[in-house]
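Each chain is listed here by its residues.
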Amino acid sequence: MTQNIVEIDNLSFGYKNRLLHKGISMSFPRGKVVAIMGGSGSGKTTLLRLIGGQFKPNKGEVRVDGKVVHKQNDDGLYQLRRKMGMLFQQGALFTDLSVYENVAFPMRELTDLPESMIRDLVLMKLNAVGLRGANQLMPTELSGGMARRVALARAIALDPDIIMYDEPFAGLDPISMAVICDLIRTLNDALGVTSIVVTHDVEETFSFADYIYFVADGVVAAEGTPDDLRQSTLPFIHQFVYGEKDGPVPFHYPAGDYQQELLGSKND
Amino acid sequence: MTRIFDGVLGALRNLGSNFIDQIWRLGAGTRLFFDMLISSGESFRRFRLVVKEVYSTGVMSLVIISVSAFFVGMVLALQGYNTLQKYGSSEAIGVLVALALVRELGPVVTALLFAGRAGTAITAEIGLMKATEQLSAMEMMAVSPVSRVIAPRFWAGVISLPILAALFSMIGILGGYIVAVPLIGVDAGAFWSQMQANVDWRLDIVNGVIKSVVFGVACSMIALFEGYDAPPTAEGVSRATTRTVVTSSLAVLALDFALTSFMIE
Chain W
1 MTQNIVEIDN LSFGYKNRLL HKGISMSFPR GKVVAIMGGS GSGKTTLLRL
51 IGGQFKPNKG EVRVDGKVVH KQNDDGLYQL RRKMGMLFQQ GALFTDLSVY
101 ENVAFPMREL TDLPESMIRD LVLMKLNAVG LRGANQLMPT ELSGGMARRV
151 ALARAIALDP DIIMYDEPFA GLDPISMAVI CDLIRTLNDA LGVTSIVVTH
201 DVEETFSFAD YIYFVADGVV AAEGTPDDLR QSTLPFIHQF VYGEKDGPVP
251 FHYPAGDYQQ ELLGSKND
Chain P
1 MTRIFDGVLG ALRNLGSNFI DQIWRLGAGT RLFFDMLISS GESFRRFRLV
51 VKEVYSTGVM SLVIISVSAF FVGMVLALQG YNTLQKYGSS EAIGVLVALA
101 LVRELGPVVT ALLFAGRAGT AITAEIGLMK ATEQLSAMEM MAVSPVSRVI
151 APRFWAGVIS LPILAALFSM IGILGGYIVA VPLIGVDAGA FWSQMQANVD
201 WRLDIVNGVI KSVVFGVACS MIALFEGYDA PPTAEGVSRA TTRTVVTSSL
251 AVLALDFALT SFMIE
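Just so you know, the sequences run in chain order W and P.
The working numbering applies: residue 1 is where the first sequence begins, and numbers increase by one.
The working numbering applies: residue 1 is where the second sequence begins, and numbers increase by one.
The reader is advised that the hints may include incorrect statements.
Take a look, some chain W residues computed to stay more than 10 Å from chain P by CB distance [to be verified]:
1. Gln90
2. Phe94
3. Glu109
4. Pro114
5. Met177
6. Leu262
7. Gly264
Label pairs and their in silico Cβ distance ranges [unchecked claim]:
8. Ala190/W <-> Ser17/P: 52 to 58 Å
9. Ala255/W <-> Ile38/P: 49 to 55 Å
10. Arg31/P <-> Gln231/W: 32 to 38 Å
11. Ser17/P <-> Pro174/W: 44 to 50 Å
Think of the hints as simulated: they come from the structure by calculation, not from any bench.
Yeah, the Cβ is synthetic: ideal placement off N, Cα and C, and Gly gets one too.
Build out the structure end to end from the sequences listed, making use of the hints.
This is the structure:
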C-alpha cells in the first residue's frame, strides 16, 4: 500500500492551443484533507476530472492507489472509480429520483445488496449528513446546502477511500457553509478517507485543511500547511489569502491601449 | 475587390467547416449507436428500466396520437368520399381509409408526432442531465450513462412507436367509420367487408409495422444523440431540441420514401 493514495506527477493538460496545466506535481497522503486552491479558471476542477479519469493528460500521469489512471481500460477505470466519491459543485442529484433513491442509486447499480440492507445503509448515510428526515423529498424541494449534503451522502454511499469535493461552498449561506466545513473534516476522520477539496474560499479551507496547494498559471505556485501559507511572502499568495483587488493578478483582462481604442473607434 | 474576395473565401470556409461538422456528428452519432447496442444488456436484464421509459415516451404520447388519428381518419373519409362518389364507388371508402392509414399515414404521422412530443422531451432531459453534471456524476460512480440512461430510452422508443402507430391506424379507421357510415350514410357492411377483402396482411400491415420500427430506431436515436451531444448551456439544449424535430422529421420522410420504394412491387 503506497503512502500517498493519489499522486499527480509532472502533469500537463490543455485544450487545443491553451495549456491549462504545465507540469503539475502533487501528492495526497492517506487520511488527510488536502485542498487545491486557485482563482476561477485556473483548472482546479479539471484536476479532479483528471484524477477521476474523465480527461486524459497530454503529458505526465495521475496515479490512484499506485495505478496510472489514463492507462486503465474501461473496466480498470470503473474499478478505480469505485474507490472514489465525488461531490459536484451543484450536487448533480438525479432530479427524477427522491433523496432516498439518489443515495440508494450507487448501491442498486453496483451491488447485489438486499432491499432491507440498502434501506438501512441509505438511512445511515443520510443520518451522517443530518438529512434522514428528508429522505422522501425530491431534489427540487431542497435548498442548495441540503442538496449538497444529500450529494455528499450519495458520494459516501459505497464507502470510498477518496472523497473529492468540487467547490463545496459555492453559493451557500454561512450556516450551510459551516455545516459542510464541519462535515468534510468529520467524515474524513470518522471514515478514515482521504479528502481532496477544490475551492477558493480561504477562511473555510484554512480552518480544516491539513495541507494546501495553490495553483496559478498552470503550475503549483505555493504549497504548505495553512500556517505556512498565512505567513507566505509570495505576492500572489498574499493577494489571494487576504483578498486584495489588485496585485500580481490584475483587475483588468489584458487589453490594448485604452485611449487609442476609444479614439480609434471614431475613425471606423 | 479584396473585400468581396474575403467575403467569398469566408463563405466557402464556413461551408467547409459546416460540412466537416456534419460528417463529424454523423460519425459521433453512429459511434453512440453501436456503443449503445453493445451496452444494451443491462436494459434487458433489468427490463423495468425500459418499462419506465415506455411510460414516459409511449403512454404520455397517447393523447396527442389518439386525437390526431381521429381527426386524420375523419378528414380522409370526407375527402375520399367526395372523390369516390364521382366514380360511383363510395363503398370503397373503407379500403381507402384503411390503406392510407396502415401503409403511410399511421407510421409517418405517428413518427412525426412522436418526434415532436417524446423526442424533444428526451433531448431536453438528456441535455439538462448533462448540463447539471448528472451524467458526469454517474460516470464518476462507475455507472455507464450509455447503458443506464441512453439504452433504456432507445429501446423504449423502438417498442413504443410501432404500438402507437398501430393505435393511430385503429383510431383513424374508427374516425373514418364515424364520418362515412353514420354521418354520410355509406353502408356499414360494404365499409367493413371491402376493407377486409382488400387490406393484405403481409403487403400492407407487416410493411407498415416494418416502417414504424425503422422510424422508431431513427427518431429515438436522433433525440438521444442530440441530447447527449448538446453543449451544456441553456442555448445549447434549446438548439438541440429544435434540431431533434427538424432532423427526425426529415429522416422519417426520407426513410419513408426509401422504404416505400422497396416495398412497392
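Comparing the hints with the structure gives:
{"no.": "1", "hint": "Gln90", "verdict": "violated, 6 Å"}
{"no.": "2", "hint": "Phe94", "verdict": "violated, 6 Å"}
{"no.": "3", "hint": "Glu109", "verdict": "violated, 5 Å"}
{"no.": "4", "hint": "Pro114", "verdict": "holds, 16 Å"}
{"no.": "5", "hint": "Met177", "verdict": "holds, 21 Å"}
{"no.": "6", "hint": "Leu262", "verdict": "holds, 26 Å"}
{"no.": "7", "hint": "Gly264", "verdict": "holds, 20 Å"}
{"no.": "8", "hint": "Ala190/W <-> Ser17/P: 52 to 58 Å", "verdict": "holds, 54 Å"}
{"no.": "9", "hint": "Ala255/W <-> Ile38/P: 49 to 55 Å", "verdict": "holds, 50 Å"}
{"no.": "10", "hint": "Arg31/P <-> Gln231/W: 32 to 38 Å", "verdict": "violated, 53 Å"}
{"no.": "11", "hint": "Ser17/P <-> Pro174/W: 44 to 50 Å", "verdict": "holds, 49 Å"}
Hints 1, 2, 3 and 10, counting from the list given before, are not met by this structure.
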